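Protein chains in written order, with my numbering: chain A, 82 to 213; chain B, 82 to 213; chain C, 82 to 213; chain D, 82 to 213.
Hint data in this document are derived by calculation from the structure and do not stem from the laboratory. Fair warning: this is a prediction, and the values are worked out from it, not measured in the lab. Take the hints with a grain of salt, since some may be wrong.
Treat identical chains as interchangeable: a pair holds within one or across any two.
Derived SDA-like pairs: lysine to any residue, alpha-carbon spacing no greater than 25 Å straight-line [claimed, not checked]:
| id | residue 1 | residue 2 |
| --- | --- | --- |
| 1 | K165 | E153 |
| 2 | K162 | L150 |
| 3 | K87 | V137 |
| 4 | K126 | S99 |
| 5 | K119 | K176 |
| 6 | K127 | S97 |
| 7 | K127 | L209 |
| 8 | K176 | P207 |
| 9 | K127 | L154 |
| 10 | K145 | L131 |
| 11 | K127 | A166 |
| 12 | K145 | M115 |
| 13 | K176 | D120 |
| 14 | K145 | N121 |
| 15 | K87 | N121 |
| 16 | K162 | S99 |
| 17 | K165 | T155 |
| 18 | K145 | K162 |
| 19 | K176 | S97 |
| 20 | K126 | Q194 |
| 21 | K87 | N192 |
| 22 | K126 | D177 |
| 23 | K165 | V149 |
| 24 | K145 | P201 |
| 25 | K87 | Q194 |
| 26 | K162 | D143 |
| 27 | K145 | P197 |
| 28 | K119 | A212 |
| 29 | K145 | A193 |
Protein chains: 4
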Amino acid sequence: MIHISKLVVRSYECDSYSHVNNAVYLNYLEYARMAFLKDNGFDYKKFVSLGYAIIVVRIAIDYKLSAVLYDELTIETQPVKRRKASGTFLQRILKDGNLVAEAEVTWAVLNAQGRPSPVPQEFEIPALNPAN
Amino acid sequence: MIHISKLVVRSYECDSYSHVNNAVYLNYLEYARMAFLKDNGFDYKKFVSLGYAIIVVRIAIDYKLSAVLYDELTIETQPVKRRKASGTFLQRILKDGNLVAEAEVTWAVLNAQGRPSPVPQEFEIPALNPAN
Amino acid sequence: MIHISKLVVRSYECDSYSHVNNAVYLNYLEYARMAFLKDNGFDYKKFVSLGYAIIVVRIAIDYKLSAVLYDELTIETQPVKRRKASGTFLQRILKDGNLVAEAEVTWAVLNAQGRPSPVPQEFEIPALNPAN
Amino acid sequence: MIHISKLVVRSYECDSYSHVNNAVYLNYLEYARMAFLKDNGFDYKKFVSLGYAIIVVRIAIDYKLSAVLYDELTIETQPVKRRKASGTFLQRILKDGNLVAEAEVTWAVLNAQGRPSPVPQEFEIPALNPAN
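So here's chain A without its partners, still in its complex pose (with noise of 0.2 Å):
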């Protein structure tokens, strides 16, 4: 239901207070929602070619600790609204068990007019539904 990225810190992630710079979260997050949909069978070079995007509306972030230079941090993501044309998942980034930094990030889909549009039947999956 979970579903987990891994990834580990790198040298020029680092601000001068040699801390992830708190932009470089949103890569993070978008790292795992692409992970997420990939490995969930949702086609996105597919998606694109036709035209589709899928573009964020609205990220609200928590940031709690500080992840600094070769940590390794868990993303958790999981769908928790879902409406035709868009949807939010939490986003848990955690090191060594303590989370680092939560978000709500609200998705929606444009098609090739570049207008709202309900996701596709081809690329409607279950996993952007949450679950009951």
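We have chain A already, so just place chains B, C and D on it with the hints.
Quick look at chains B, C and D alone, frame taken from chain A:
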């Protein structure tokens, strides 16, 4: 009352949709907050040299419009909440008067021991407090 | 003859030594080359819309001095070699007249099929050629 | 003799051509050099805590092929020159055995006063020297 920063979108800030990447907006907001502090007389380099840090504890950002190469962006920054050791900015990114993104950013101060701390008296500036 | 760009170092461009990260200089150089093209009348958006691309095939960069937060950098860009389908820029990054980094950057043109191509006639500009 | 690192291209590393941005390759190379040091027993955190720094003084990189989302890259790192206070790595980035980019990276050591320094005896490792 509202601080204004301006910047122009650079090529390397755009992703494979040719849009400014979501994480890059957090860089823009950080840039604008640093300019806010500087223009309001906050001595950031001294602050850091004394071991203090301003950290971001929460960002809630709504993405409204895409920005692309060479867009001239205006970033409005204003304080909307204030507590002794923390506060919240409302930041709005605009192009041609249209809202590109809007964010609430909550900051806190850490002392040299890494613990929450009030803003030290010599660094207290009126601009950190919301207008009445 | 020598094109000048200016920029100021931003907080999120600094690494854990508080210096501008090595890779960020390549962004600065790209920024300056884009400004060079724009200021010399090269219609980059049209060029891309026709399927052409300017790619970088080689960069040789010497790092001389560190740049830090708020440094005001000047970037000089000038063509030093030219062939039909490629060319080389010399780019120098300076602060207060001192050399921060110096790079030779060799570019080439690809057509819509991804193959090396001469600069199309309508995009040929004198500024791409070294002065005699 | 040749150190191997592996990584997979992430979405936020791609530019508006959907290719890995040129500057990002320098991040990849830094990642591989850090892995090289770590895997060869160089205690980087201690080194930094004593005030030393390894800086890059020159990079000459040739770009051969584009890398795109999800490409699995192999980075080979090997020393090719060595002097007391500096040295040069040859680094090659490959996908499926094909050369994506090749770089010569020259490093130097600075002491706590920011001056060029030999590698301190306790941090000297054979891996920094080219094989005969």
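Taking the hints in turn, this is what the structure says about them:
1. K165 <-> E153: So K165 and E153 fail the 25 Å test inside a copy (35 Å) and across (34 Å) alike.
2. K162 <-> L150: Neither way: K162 and L150 sit 34 Å apart in one copy and 28 Å across, limit 25 Å.
3. K87 <-> V137: Close inside one copy (22 Å) and across copies (24 Å); limit 25 Å.
4. K126 <-> S99: between (35 Å within a copy, 11 Å between copies)
5. K119 <-> K176: This pair counts as both: shortest intra-copy Cα distance 23 Å, inter-copy 20 Å.
6. K127 <-> S97: Only across copies: K127 and S97 sit 15 Å apart there, 40 Å inside one copy, limit 25 Å.
7. K127 <-> L209: within (18 Å within a copy, 39 Å between copies)
8. K176 <-> P207: Classified as neither: same-chain Cα gap 29 Å, cross-chain 33 Å, threshold 25 Å.
9. K127 <-> L154: between (30 Å within a copy, 22 Å between copies)
10. K145 <-> L131: between (39 Å within a copy, 23 Å between copies)
11. K127 <-> A166: within (18 Å within a copy, 33 Å between copies)
12. K145 <-> M115: both (23 Å within a copy, 22 Å between copies)
13. K176 <-> D120: Close inside one copy (22 Å) and across copies (22 Å); limit 25 Å.
14. K145 <-> N121: Classified as neither; 29 Å inside a copy, 28 Å across copies.
15. K87 <-> N121: Cα proximity of K87 and N121: in one copy and across copies (16 Å, 24 Å).
16. K162 <-> S99: neither (35 Å within a copy, 28 Å between copies)
17. K165 <-> T155: neither (29 Å within a copy, 34 Å between copies)
18. K145 <-> K162: both (23 Å within a copy, 20 Å between copies)
19. K176 <-> S97: Both: 21 Å inside a copy, 20 Å across copies.
20. K126 <-> Q194: both (18 Å within a copy, 20 Å between copies)
21. K87 <-> N192: Neither: 31 Å inside a copy, 31 Å across copies.
22. K126 <-> D177: between (34 Å within a copy, 20 Å between copies)
23. K165 <-> V149: Neither: 39 Å inside a chain and 28 Å across chains, both beyond 25 Å.
24. K145 <-> P201: Between copies only: 23 Å across, 37 Å inside.
25. K87 <-> Q194: neither (35 Å within a copy, 30 Å between copies)
26. K162 <-> D143: both (19 Å within a copy, 17 Å between copies)
27. K145 <-> P197: between (34 Å within a copy, 12 Å between copies)
28. K119 <-> A212: Only inside one copy: K119 and A212 sit 19 Å apart there, 42 Å across copies, limit 25 Å.
29. K145 <-> A193: between (38 Å within a copy, 18 Å between copies)
When each numbered hint is compared with the structure, violations occur for hints 1, 2, 8, 14, 16, 17, 21, 23 and 25.
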